[in-house]
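K.L.:
In case you want the letters, here they are:
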Amino acid sequence: VSHPQDLSLRRQALAVAAGELDPGELLAATLARIDERDGELNSVVARFPEESERMLAAAPPGPLHGVPVAVKDMFQLPWRGPRDGSPREALPPGESAVFRLLRDAGAVVVGVTQMHFWGGGATGHISAYGPVGNPWNVEHVGGGSSGGSAAAVGARLVAGAVGTDGGGSVRIPAGFCGITGLKTTNGSVPTSGYTHGYSSMGAIGPMCRDAADARLLGSVLLGRELLPSEAGGLTVGLVRDPFWTDLDPEAEAASRAALDAAGWPTVDLTIDAAEHALVATVLRLTLEGLPNVTDEELAEADPLMRALVKYERLLPAELLMRADRVRALLRRSVVRAFESCDVLAWPTIPAPAPRIDNPTITLPSGPVPADAATVRQTGIGNLTGLPGVSVPVGTHSSGLPLALQLTAHWGREELLLDAAEHIERATDRIHVDAVPPIAAPSAA
Amino acid sequence: MDTFERYVRAGLELQGAEVDDVDLAIMRAADAVYGPGFEALQSADLSHVWSEPDLDPGHPPKPLA
Numbered sequence: 001v002s003h004p005q006d007l008s009l010r011r012q013a014l015a016v017a018a019g020e021l022d023p024g025e026l027l028a029a030t031l032a033r034i035d036e037r038d039g040e041l042n043s044v045v046a047r048f049p050e051e052s053e054r055m056l057a058a059a060p061p062g063p064l065h066g067v068p069v070a071v072k073d074m075f076q077l078p079w080r081g082p083r084d085g086s087p088r089e090a091l092p093p094g095e096s097a098v099f100r101l102l103r104d105a106g107a108v109v110v111g112v113t114q115m116h117f118w119g120g121g122a123t124g125h126i127s128a129y130g131p132v133g134n135p136w137n138v139e140h141v142g143g144g145s146s147g148g149s150a151a152a153v154g155a156r157l158v159a160g161a162v163g164t165d166g167g168g169s170v171r172i173p174a175g176f177c178g179i180t181g182l183k184t185t186n187g188s189v190p191t192s193g194y195t196h197g198y199s200s201m202g203a204i205g206p207m208c209r210d211a212a213d214a215r216l217l218g219s220v221l222l223g224r225e226l227l228p229s230e231a232g233g234l235t236v237g238l239v240r241d242p243f244w245t246d247l248d249p250e251a252e253a254a255s256r257a258a259l260d261a262a263g264w265p266t267v268d269l270t271i272d273a274a275e276h277a278l279v280a281t282v283l284r285l286t287l288e289g290l291p292n293v294t295d296e297e298l299a300e301a302d303p304l305m306r307a308l309v310k311y312e313r314l315l316p317a318e319l320l321m322r323a324d325r326v327r328a329l330l331r332r333s334v335v336r337a338f339e340s341c342d343v344l345a346w347p348t349i350p351a352p353a354p355r356i357d358n359p360t361i362t363l364p365s366g367p368v369p370a371d372a373a374t375v376r377q378t379g380i381g382n383l384t385g386l387p388g389v390s391v392p393v394g395t396h397s398s399g400l401p402l403a404l405q406l407t408a409h410w411g412r413e414e415l416l417l418d419a420a421e422h423i424e425r426a427t428d429r430i431h432v433d434a435v436p437p438i439a440a441p442s443a444a
Numbered sequence: 001m002d003t004f005e006r007y008v009r010a011g012l013e014l015q016g017a018e019v020d021d022v023d024l025a026i027m028r029a030a031d032a033v034y035g036p037g038f039e040a041l042q043s044a045d046l047s048h049v050w051s052e053p054d055l056d057p058g059h060p061p062k063p064l065a
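The listed protein sequences derive, respectively, from chains A and B. Numbering (our numbering) for the first sequence: 1 to 444. Numbering (our numbering) for the second sequence: 1 to 65.
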């Protein structure tokens, strides 16, 4: 390994703790790599070397002592207010809970990552700071809304980043970028100083190259150690309709192959009202945020976001009430589902990342905007509040990653990471260790 | 002017908001994607379903009384 950011998050932490890696040199190398490699990718919206150096100088002992991490542009930092992908501060500078958790673990915040404008999309191609590219092909989207975090980790700019997930915003970009993203149980990571802390849908989570790194960063965020266990004897629930329907054939095959390799028994299940999960997600997610949008902000917003807000303001209130009834049905139904399985499984993304200049996914049913196609796979996790993990499971013939999503009972993040590590071992780690072109040795 | 455009223009006028052709085109595209799902939700029989008045998405729902 010639560059410390080619090490995993846990290896960086171990090497610093053992005195084998100087954290000052690690920080300098990380900043240099961001400068060298992030140009076209556009994953990091701000970096602040002096503040990072001050954070390192004051870093206490901890599981991430001296290790650089990046955070999505939704968290207050003492020196910078989050912008939420928009041109203006959504909150003033301050100490968000996520900042405090990272600081107290000894981590060094090295940059703020890009995101979809207001967090309102799964592609990341709309932002006041330009589109986020994909480390596997910068002409394709990095995903959203935590696309910058996913792209930065995928490109080996940092080994760990914090994302947020209100409708799939950790899992979708993780899937697009070929990394591991954990959506925690709603409310399990404290939300003070988080721009969408008002939301009943949002959850905060680690985005890393593999499950062991997500376990390390996730333990810091959750404030409890996510201890590993064997996951060889799980039963997997398959909800074929709608989550295994209308998929890119390669995306479906990659997820099936990963489950076959894992060797887990499967059981077919149905979830009540699952066919309404997409629109219920869209209603809850967007309408909860509407009161935050002032006329002034709307006037200077991206034209697409501005028009969508106007559209949302015309939706009948009854639809939101109906969405909440769907939410109740879904939550009661998944309780029953977990009586006969340990985890639910289906593809995170129905197809690989679309192009930035045409963020549309082609499915067997025809072309579908990527937002609708992807949130169909993930929104149920936000409505129910269940934790979910996106695991890299293949490479599409286009050269872009494919991913499997596992969902577990509330509070069972450990089980998800155990299962993800089981899949990694069963597939000889070929997918989590795959290096995108932007991070290949010749590109360094 | 079709029903959709009349609804959008009248609704936004009532809110004191302006709408231009770009807005309208984007809203029409969004409605083409999500409108059928909204209609299906609107027509679903949910009369027997209660939402959770004490929703805590971080935990399982409480058993129905």
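If you are wondering where the hints come from, they were derived from the structure by calculation, not from laboratory data. Among the hints, erroneous ones may be present.
Derived CB-CB ranges, DEER-like [what the hints assert, rightly or not]:
id : chain 1 : residue 1 : chain 2 : residue 2 : range
1  : B       : Asp21     : A       : Thr235    : 23 to 31 Å
2  : B       : Ala40     : A       : Leu287    : 17 to 25 Å
3  : A       : Ala261    : B       : Met1      : 32 to 40 Å
4  : B       : Asp20     : A       : Pro87     : 46 to 54 Å
5  : B       : Ala40     : A       : Pro291    : 52 to 60 Å
Quick partial rundown of chain B residues pointing at chain A, CB under 8 Å, derived from the structure [said to hold, decoys possible]:
id : residue
6  : Met1
7  : Thr3
8  : Leu12
9  : Ala17
10 : Val19
11 : Val22
12 : Ile26
13 : Met27
14 : Ala30
15 : Val33
16 : Ala40
17 : Leu46
18 : Val49
19 : Glu52
20 : Gly58
21 : His59
Even for Gly, the Cβ is constructed at its ideal location relative to N, Cα and C.
K.L.:
Of all the hints given earlier, name the ones this structure violates by number, lowest first.
P.N.:
1, 3, 4, 5, 6, 7
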